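What follows is the residue order along each chain.
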Amino acid sequence: MDETWALTKMTRVEVVVGGEEIPVLTELLSEVGAIGFTVVSNVSGLGHSGYHQGRLLFNDRNALSLITVVLPADRAGALLDGLRSLLAHRSGVLLVSDTWVSRPEYFQ
Amino acid sequence: MSDRELRTARARLLVEVEEAARLIAPLWPLSTFIAVNPFWDLRQMSFAEAIAYAVRVLGISGYPSATLFAEAYRSGRITVADLRVALEAHPTAEDGKGSDVKILTATERYDFVYGTRIAATTEREVAKWSAAFLAKMLPVPPDSGFYAAWLAMIPSDPAIRRIVGRSGRDRLAQLSVQPEDAILSCLERLGIAEEDRVSELARQLARMPGWAGHAKWRSRWAPPGQPGPTLHLVDYLAVRLGYEAELFSAAVAGRGRMGRSASGYLRGQPHGVSRHPDVDRIEAGRVQIEDLPSDLGDELSGLSVIESTKVWLAAYEGHYRDQLLDALSRPASLSTEPPAVQAVFCIDVRSEGLRRHLEVVGSYETFGFAGFFALPIRHQPWGSAEEIDLCPVLLHPSSETAERPCGETDVAASRQLRGRQAQVGARMMFDTARKAAVSPYILAEAAGFLAGPMAAAKTLFPALYLKLRSRVRTMLAPPVATVIETHPRDGGMSDEEQALFAETALITMGLTRDFAPLVLLCGHGSTTENNPYASSLDCGACGGNRGGASARAAAWILNRATTRDLLAQRGISIPEETVFIAGEHDTATDRVIIFDLHLVPFTHRDGVAVLEADLERAAVALAKERARLLPGAKGHDPVAQVTTRSADWAQVQPEWGLARNGAFIVAPRSATIGADLECRCFLHSYDAAVDPDGVALETILTAPMVVGHWINAQYYFSTVDPDLLSAGDKTVHNIVAGTGVVAGAGGDLKVGLPLQSLFESDREYHEPMRLLTIVQAPQDLLVTVIDRNPVLRELFDGQWVHLAARDDQLDNWKIRRPDGTWARWSPAATYTEEVTTHG
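One line per chain: the protein sequences are V and P, in this order.
If you count by the working numbering, then the first sequence holds residues 1 to 108, one letter each, in order.
If you count by the working numbering, then the second sequence holds residues 1 to 839, one letter each, in order.
No wet-lab data here; the hints were simulated from the structure.
A few of these clues could be false.
Estimated spans, in silico, between C-beta atoms of each pair [unchecked claim]: (1) P:Glu612 / V:Glu14: 37 to 43 Å; (2) V:Gly54 / P:Val101: 41 to 47 Å; (3) P:Ser329 / V:Ser91: 55 to 61 Å; (4) P:Asp723 / V:Ser97: 50 to 56 Å; (5) P:Thr821 / V:Ser91: 36 to 42 Å; (6) V:Thr68 / P:Ser470: 53 to 59 Å; (7) V:Thr8 / P:Asp495: 24 to 30 Å; (8) V:Thr68 / P:Glu400: 38 to 44 Å; (9) P:Asp495 / V:Glu14: 35 to 41 Å; (10) V:Val93 / P:Val101: 34 to 40 Å; (11) P:Thr821 / V:Gly54: 24 to 30 Å; (12) V:Ser97 / P:Ser329: 53 to 59 Å; (13) P:Arg824 / V:Ser97: 51 to 57 Å.
No experiment lies behind these values; they were computed from the predicted model shown.
Even glycine gets a Cβ: it sits at the ideal position worked out from N, Cα and C.
Chain P on its own, in the form it takes in the complex (with noise of 0.2 Å):
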């Protein structure tokens, strides 16, 4: 082959690997959980074509179980009005139809047909060198990556050599030193056509997500420079079939040679015993009723079991949307007085439950805007030598920031770093003798002592033992008063663009006159033991951190007296008596905890009292609220519950999450006030009167919203897949190298969300519906908003997501069809008037 026809091969092979790689969702770092629709890069074909494709290559249902809709049906929350409309909204043309045909890779074929065992084995070696390489086990050449360090080890693995014996072993080391032509020339030993490559790379990832995952977290999403071992897909993809080429040729020869020389994984068995389950898989049954009314019952009777299950799916959500959407048809009355504090939170759906109590408790308007409030930013706390990036994965940080010692001696800032080193090196101290293999003989004689009472006091009185482990460490580490800004000076934001983004983020909000004297900013976090999805509670708009860093930075900001002066030239005057303020809701506890006081005035502290105060009983009402809801309740103190839960190292079940997410509201609070929305909406403020070109509704649209269907979608898919497409049981959760975990000893990275954020025993906690995003805005602009973006048309084309709008609240509401036309709404009735048509 030429150095041109090779070049051309090889890309090529890149953008077939890319094009497989389009069922594989990226899976981000247990740090930084993410959490994101497993079929987002499928989203060009509509939500039931992405099933299909995805039930042909990963083997995964895509809908919910027929007994969720039998259970939903008996208890009222499926009715027959609800089926009777999903029915007549159904289209006659099966959506998604086509080939039903499983893709299998060529091993998976041979093993059904011969009973080896060669897919498995790939998987068992692959995994195992995956792992080693995460966790720095192998000693990776300069500039190289796994192919290359697992190329440099085969030729001393015992492993392989007991599989198919030492020439097998030199043939795999024997490897093109370039990963691109090794899985060419594996492909072509394979005997895979160039016509199937695509769908045999496919089917590959598919068969372990988890480290294809990570593999394409790394080559498509991670940042340049990221730091840690760089397992790219196209590394993965050439160790992989590196063993299949291997594993198939050395059955092939040993069955040649009538099985003799061919190890047990290889030799051919009874057929049927080493089936692999998925080509066995048995399709998702029927809904089945028996008091339907005769003639409905005929109706779904006369579709297939997948169009009868879509029926069944709509008419699940339809019961929510007209629930939620009458729930917003009735307007509360708003109080005319200004209010002495605006609250913003974030959008999570977890701040409308402390946002409806707050404003009960007192004088109060509040807001919902995205965690990150606009701010983008990489951020090193106070003696971190790390990095953070505190904005959603769709952007990139665009500036820095730093936590700093303010108004503090060298002296006292030097002790508490110094406190805190001395903490960190004690940890990593027991962790290394714990995990060495003679040292923890020693040190159980040494601290053995102390740490039996400590684990038993941390077992029986989680609240306690951390409250003595915290006061410990303040006094290891007394705090010191610190302060998050970014001066154009030391190279941080310029002042133009500190404007910006004030702006920005206050028009977005709808919150540009009428300020409180106060106005509080409040991200979001979850404070957890022991809890490798730590994260995945924390808030997604702030990369999967905690958020009251952003927070910290987007107050310091808006109080600076330049960004003020430049923000008064773009139209918007904040009082100078407005001081803003930075919180963080920790959703575990419900505790809200107000930072910086120290940057208070004076003339503000009483204000930030009282606040604190009212926050602390709106944080006891949801405590209350949630409790009840919490598996396994114990007690009748709400708080207590809570708190000892959050404390708790073997406690699987923290808090709820987002679990029952269900919709994304667009509208100004008086559109919601009044409303228990249940902690099941994401609301983002949205007043149309200030946007009259549609920028803020298309940024909301398309980030925010965005990132609520990620969060929706992934609920969804772990719901209705747990198999597959969730991480499966906590308590044989094992972390590998700080990335990812694994069930048990080893396999493949489990994907999706645990089982424990999902289910209640054994049955769904989380309904499992596609996102309805409710938009209050005028319909021309929406509608323009929606065409000049392709990704709004995908995912609403697509019926990925539902949407609902109206003009003002005085308007009725209207549903948007797949094909671009709306509807009026009314309450589980046919959608037959026509309200307008947009193409």
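One chain only, chain V, in its complex shape (with noise of 0.2 Å):
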């Protein structure tokens, strides 16, 4: 990235997970000191476990949610344990990314 625009490198984790899930992952958020996320409710799309729709009318719990998370890289490694641990008994999506931010302090 040209120093000139004068960005923070961290870390961007993005995890897709049914409705029901998003408590136990704020959770984990708050724990590791995420401090802002992103959720977008009622995503879909095909995985390995087939396809899975988007919006359910009257079900917000098993309809997925994708979850956006930016923080610095030392606290990543913690969020990321938990999330692999709770990925390793349901389907869903973790991708990890470096990204750069403008306002390095709302992400502390």
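Join the two chains into one complex using the hints; note that each chain is given alone, in its own frame.
Right under this line is the structure:
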């Protein structure tokens, strides 16, 4: 990244899980010190366990959600450890990548 | 441990707690009791696998008893043919076969070997503190929960000092302030290896599934900001393990000093005296029938006890399925005349009886739809500070409604409010005086002359007492006409949202044309007295609340000209002369009340009067049918019987609720009309012709059917395992902080349904079977819907729910196998004819 942009490197974690996992996931995020995250509800797609319908009209718990969190690399390890354990027993997607932010104090 | 290592250890622990809590059913507060599949979070396993796991950790049996099956065989409820069909379909490989070693906590194992009572002592202490916390008897530090409140109190607890001494109590008080860290250190002190942590935590939670269930509800289901003390899973486990580790250490140390310093709780006793009953659990017996055909007897004997039990259960379920599908295979003649009234009832099994009787007394077309009428609302009743969520718990309320006076002067509304406040104030004063230390004596002097005769009248003439009470209340607070509405200008639902709701509701129930001049939307509730489980008899689709408010809000929206204009743009034209009205079916008395008569145009009031008269006739017919089945029914007048039961504060069986529920039918009424389904079927209207892309079918199967499955599974497990998964006998219940009940003076919160909802004397009234879902829809559409929804695949593949389907009324029924293939149905015959295969 060009230094003239004055951006700070962070780790971006994206997780796709069932809506019913959101409470434990937010607990986990709070535990590792993440101070913000984004949830996109009712996402759909095809994975190794088959197709997952997106929006269920009367059921928020069994539709999938995408959670995106950005945090300093030194905190990502604990989160990834917890997420890997969580996804060991259920279907889901875990994506980790480097990202850059302009206001790092919002993510510390 | 570095900060990073500590965070990692805590994160890992949170996931372990989540895994351990999977076999714990969330326990909703009493005011919104929700029937739930106790093993919903194990549904990734098959039904048999989940039971096998729960047997090891919870100590349940999981299947109906051998006695139930033997009696069913003798009475013809299970036949030889049913058994042969079930045997033929029984898989050769055992499902759910795994280790059969029971999982015990470290302290249970210690208790077993040394005769101590560590686990029991922990339970007594944890139950004591949990109850005190919920009752708001503990000072809670700001932004803290149960663990912090307990930790602050423990230095001054004399009970624990008596057990582990002052030094033991000091060690407890010095536990880490962070509950996760306390759990980690206690697990270490108990010698639990990292790979055994989930098992240890699971069994820790399973020791008291009621308190653990309350903690799970609070941690995983309660909406953020839900009022009340916050007893979270991690807090609960930290307190539990704090005791376990300390008692364990004290017992080990005491044993090292020849038991001199250990208290009676921790001193070893002669082996076997204090053995926990779970350790000695006797395996369920084999069904003993002497006159079975020898070949059948031999085949069943060749199976293990658990596998033969599965065959008996399949035969029991198959017999009901065959009878039901047979009844639905005989088409009834339908009236070709347009109906005078269309009436939409909740899918609840109790609606079926009212619909059946209403259809024969007049020109009525009835529909079944989830009782929240597709309107997930947070509702504030008039004059109440409390808001209630009127929607299934699978859903979050998406908008708010409030009831407000309509067309009344401020004076009338104020008078009503003042009257209600006076009544509530008097009630609170009486209750406070009754429960305090000295005031009961003064109260007896001051109000005894009134309270005594009132209690006598309440006991001897309950129906009359209720009528009088109602009159007094009306006199003190004269009723005012109100309306439930949601205006965009007041921050309510937008016009578009209202139209979308209306479209969804009408398409999903298959009512998109040929509207009658009157359309009744009928919710339901149950009026009972002195019944902590009252909400278990209310509407599950309304989150365990009465459904009248949902019906009123839905009718208001559907009557709006703006909604109808937008609906017309979407292809649904509701004639101008059609009026939607709201009602509520009282399932304890069978009566239906019609709301908001002041909103009904004069042109339709005669029609409403006729409807009310016909609903009354249907109610009498239904009361007659139900009164025969109610235990201890007396007298010749069925209406008086059900009314008296509803009003009787000593009645533990006011109605049977959803007992004997067995099937969930997704089809137009033409598929079921004329059949007496004995109030055992959830009926959801569905017309595949207006649902080409399957969205309505998907909505029905992923929400109302899931709720139906929860109810069915709750009844199943409470019946087959009344000791561990039912709430036990109502007559010994005491309410804890308005949240749950305990049996007697304390202990665990009771889970599941009370025995009086399931048993008649000592015999099962409920027939424990897994839900049979019956769908009338094109098979390709149904398969597409199942394939794109993992929750449906889990339920059908895992045999949590059985599925039968047919394309239309001319088609034959087909049964879905667990592998997704389909077999043509014929009663009590083998399903060998392949129809089609879907992977």
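CB of Thr821 of chain P to CB of Gly54 of chain V, is that within 24 to 30 Å?
holds, 27 Å
_Is 53 to 59 Å respected by the C-beta to C-beta distance linking Ser97 of chain V and Ser329 of chain P?_
holds, 58 Å
_Consistency of beta-carbon spacing, Ser470 of chain P to Thr68 of chain V, with hint 53 to 59 Å_ = holds, 56 Å
**Message:** Holds or violated: the 41 to 47 Å window for the beta-carbon distance between Gly54 of chain V and Val101 of chain P?
**Reply:** Holds: the Cβ-Cβ distance is about 42 Å, inside 41 to 47 Å.
Do Thr821 of chain P and Ser91 of chain V keep their Cβ atoms within the hinted range of 36 to 42 Å? At roughly 23 Å between Cβ atoms, Ser91 of chain V and Thr821 of chain P fall outside 36 to 42 Å, so the hint is violated.
* C-beta pair Asp495 of chain P, Glu14 of chain V: status relative to the range 35 to 41 Å that was hinted -> holds, 36 Å
* Asked: Val93 of chain V and Val101 of chain P, beta-carbon distance inside 34 to 40 Å?
  -> holds, 35 Å
- Confirm or reject the claim that Thr68 of chain V and Glu400 of chain P have a C-beta distance inside 38 to 44 Å. Since Thr68 of chain V and Glu400 of chain P have Cβ atoms about 29 Å apart, the given range 38 to 44 Å is violated.
Can you tell me whether the CB distance of Ser329 of chain P to Ser91 of chain V sits inside 55 to 61 Å?
The hinted range 55 to 61 Å is violated for Ser329 of chain P and Ser91 of chain V, with Cβ atoms some 39 Å apart.
Checklist line | Ser97 of chain V and Arg824 of chain P - C-beta distance against the hinted 51 to 57 Å | finding: holds, 52 Å
Indicate whether the distance between the beta carbons of Asp723 of chain P and Ser97 of chain V respects the range 50 to 56 Å.
Once the Cβ atoms are compared, 52 Å apart, the range 50 to 56 Å for Ser97 of chain V and Asp723 of chain P holds.
*Do the beta carbons of Thr8 of chain V and Asp495 of chain P sit within 24 to 30 Å of each other?*
violated, 46 Å
When the structure is compared with the earlier hints, violations turn up for hints 1, 3, 5, 7, 8 and for no others.
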